[in-house]
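Mind docking these for me? Both chains are given alone in their own frames, and the hints should help you get the complex.
Protein sequence lines correspond, in order, to chains A and Z.
In this note's numbering, each residue's number is its place in the first sequence (first place is 1) plus 1076.
In this note's numbering, each residue's number is its place in the second sequence (first place is 1) plus 28.
Just so you know, these hints were derived from the structure itself, not from any lab.
For each residue, glycine too, the CB sits at the ideal point set by N, CA and C.
Where hints are given, some of them may not hold.
Label-pair distances were calculated between CB atoms; the ranges are [unchecked claim]:
hint	chain 1	residue 1	chain 2	residue 2	range
1	Z	Thr-83	A	Asp-1336	48 to 56 Å
2	Z	Thr-83	A	Arg-1265	28 to 36 Å
3	A	Lys-1311	Z	Cys-120	25 to 33 Å
4	Z	Arg-47	A	Arg-1359	52 to 60 Å
5	A	Asp-1176	Z	Thr-52	25 to 33 Å
6	A	Val-1353	Z	Arg-47	45 to 53 Å
7	Z	Pro-103	A	Glu-1217	42 to 50 Å
8	Z	Ala-94	A	Gly-1261	41 to 49 Å
9	Z	Gln-48	A	Ala-1365	40 to 48 Å
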Amino acid sequence: MCKDCGCGTPHGPGAHPPGEPHSHTHEHTHEHGPGFHHGEEHPARHSHPHPHTHTHSHAHSGAPDHNHVHAAGDAPDPPPAESAARRTVEVQRSLLDRNDRAAERNRGFFRASRLLTLNVLSSPGSGKTTLLGETIRALGEGLKAAVIVGDLATDNDARRLRETGAPVVQIATGTMCHLEAEMIGRACRELDLQGRGLLIIENVGNLVCPASYDLGEDLRVVLLSVTEGEDKPLKYPPAFQSAHVVVVSKLDLTEACGVDRALLRANVRKVAPAAEVFEVSARTGLGMADWCAFLKREQAKAAARHPLD
Amino acid sequence: MHELSIMESALTLVQDQARQAGATRVHAVRLRVGALSGVVPDALQMAFEALTPGTLAEGATLAIEAVTARFWCGPCAAEFASDQMLAECPRCGGISGDLRAGKELELASLEID
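Pulled out of the complex, with its shape left as it was, chain Z reads as follows (with noise of 0.2 Å):
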């Protein structure tokens, strides 16, 4: 549900983005969305169909850059990929719950014209 508020404001940021680089029209819109950022990649999708009627990114696609999340084990000072919260280390069997990457919500890039 949070989707539709989210994309709201990244197309909020998309045009701003898009007219500071004196843009007429945004063709693609890339993000780069963490595997534990809580949004799901089908509803930005839609949200996004649904949003961008009317602005400079009318008609352009949407590609999400799916980030795994990496999460550091402090007894075996490694990193580690888990797409859980609960994340455990494969060399040791601990729970770690440090979180190096996978939370992201970013604006990557836009193709304009």
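Only chain A is shown next, with the shape it has when bound in the complex (with noise of 0.2 Å):
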């Protein structure tokens, strides 16, 4: 008997609409050699068929890829009542769900502290660590900084951003190629924060899985430097488009690479034409007083604004 529904015929996938009852019909045929009597008296040796045919119906509910295979020649049982208690619930709720709302705690929180929270993602390479180091140290005793930096493996990241003298908590992900709100949530609850008008997470190195995860920061910060060449924001448009600002990195190393810088720009304006862009060289220190003017005005604003707004 077949265990989905009941009847007896081979049918495949698409053979009736889903929804709609149907029915089978199908021969049993059986022969009677010479000498077997059926149940009567017959006056001479002889053989006939017996054509036996049964008929019945079930109703299809659900996917339009339903498909099951009947056992020929089982006994026909009665539709099973599941189908009857099957029903659909509409949910209509973001997969991130869980993640948003841990996101919209930590806004809560940074803004209750009167913190500007940077998301920084780039590739892996592009020089985060460099430009994060080299931003602390030239903002100095004037907007002091707190570090939260994800990382598959190692803390050599937190061990360079600690010589900076911020306090900074580090977050192995283990295989996990991007931070989540709840990780910054657990994470803050280690960080000292007094004291402190910036919080920079240093997300995992990646392109891709990070833009997905809001993390509650105000700015998304997306770095690239000119040794991955002018089409990177083309290549990888979720995380572009998602940032507020757009950092152009190692630009002492444009001449050396080849790169054209307003080709670049020009690139990186088609996918985020609203963002801010900036671009710097952590190691010579150019275009790193604009960066730091545009972080402490953002504080600024941060600081000013009510909790609740």
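Right, here's the structure in full:
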């Protein structure tokens, strides 16, 4: 007997539209050889075929790819009660609901703490740690920073950033390719934020996955170095499109890499037309004053706003 | 790679919703995935198969409804469809980043009993 619907004929996908009742007819034939008596006496030896016909039907609800095999020769059973109990529940909720709610909690905490929070995204090796270290040094006592660093493994970046004197919490993500809002919430409990106006979150070096996760930040900063080529923004549009700020780093290597800065800028503009763009070299200090002045302005705005706004 | 963790949170949501509705089993899960959500439907399908055993959704089917990305062109005051992040308005050729749909990553509905 078929466990799915209780009838006895093979039928494949698309044989009948979902939700519509349908029926199958099939025949069983058997023959009796000479000498077999079929419940009655026959005057002479003979054989004859008996056609047996069953007709049954069942209603199909649900998926259009419904497919089950009915073993021939089974006795027809009544349709199971489960098809009547099946029902559809409309949900219409974001899959990132849990992360989004945690991000909102973080945002509330950041606002109440008068913090400007940056979520810094980039490919591996584009110079996040160097830029952030130099930024913290350049801001100095005027705007004191704290840092949360995400990396798959090692605390090398955290150690380098601690040399600036800023409090740093390291999140080792293991195999995870991005930071999530709940991790940031936990890291904030460990971080001494007393007297800090800037919280910098250095995300895992990856331009794909972190773009989907709101951490509750005020500004999403996407960093790309001139060494990555002019077309990087075109190759990774989701990250760049979500950016409030794009920082082009390693400007001192422009000539060595033969990079067309105007084209790079134009490509950033195409994908992120509303983003603020800064071009810097953390090593030579070029462009760092503008970048730091911007952070101070944004921090003043963040600190002036009411936590419930 | 992040499809696995997205599916993990999706299944938490699926099971919460199913239990709230008094379900003993989830037969089908229907998602809406925007063309520009940054998520690959095949990878979601794989993650679903890997993560559902032992949950209320064990043996359930996953249906993914693809949502086309739609942009707003200011100069033309009209919407247009595109699956490109750099969407070019078919009327005026201008580039628009004003996304109106296409980033969806939603649990649409469940079939339960």
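To see whether the hints hold, each was checked on the structure:
1. Z/Thr-83 to A/Asp-1336: 48 to 56 Å: 52 Å, holds
2. Z/Thr-83 to A/Arg-1265: 28 to 36 Å: Because 31 Å falls inside the window, the suggested range holds.
3. A/Lys-1311 to Z/Cys-120: 25 to 33 Å: Check passed, 26 Å falls within 25 to 33 Å.
4. Z/Arg-47 to A/Arg-1359: 52 to 60 Å: 56 Å, holds
5. A/Asp-1176 to Z/Thr-52: 25 to 33 Å: 29 Å, holds
6. A/Val-1353 to Z/Arg-47: 45 to 53 Å: About 48 Å separates the Cβ atoms of A/Val-1353 and Z/Arg-47, which means 45 to 53 Å holds.
7. Z/Pro-103 to A/Glu-1217: 42 to 50 Å: 48 Å, holds
8. Z/Ala-94 to A/Gly-1261: 41 to 49 Å: 33 Å, violated
9. Z/Gln-48 to A/Ala-1365: 40 to 48 Å: With Cβ atoms ~55 Å apart, the hint is violated.
Comparing the model with each numbered hint stated earlier shows that hints 8, 9 do not hold.
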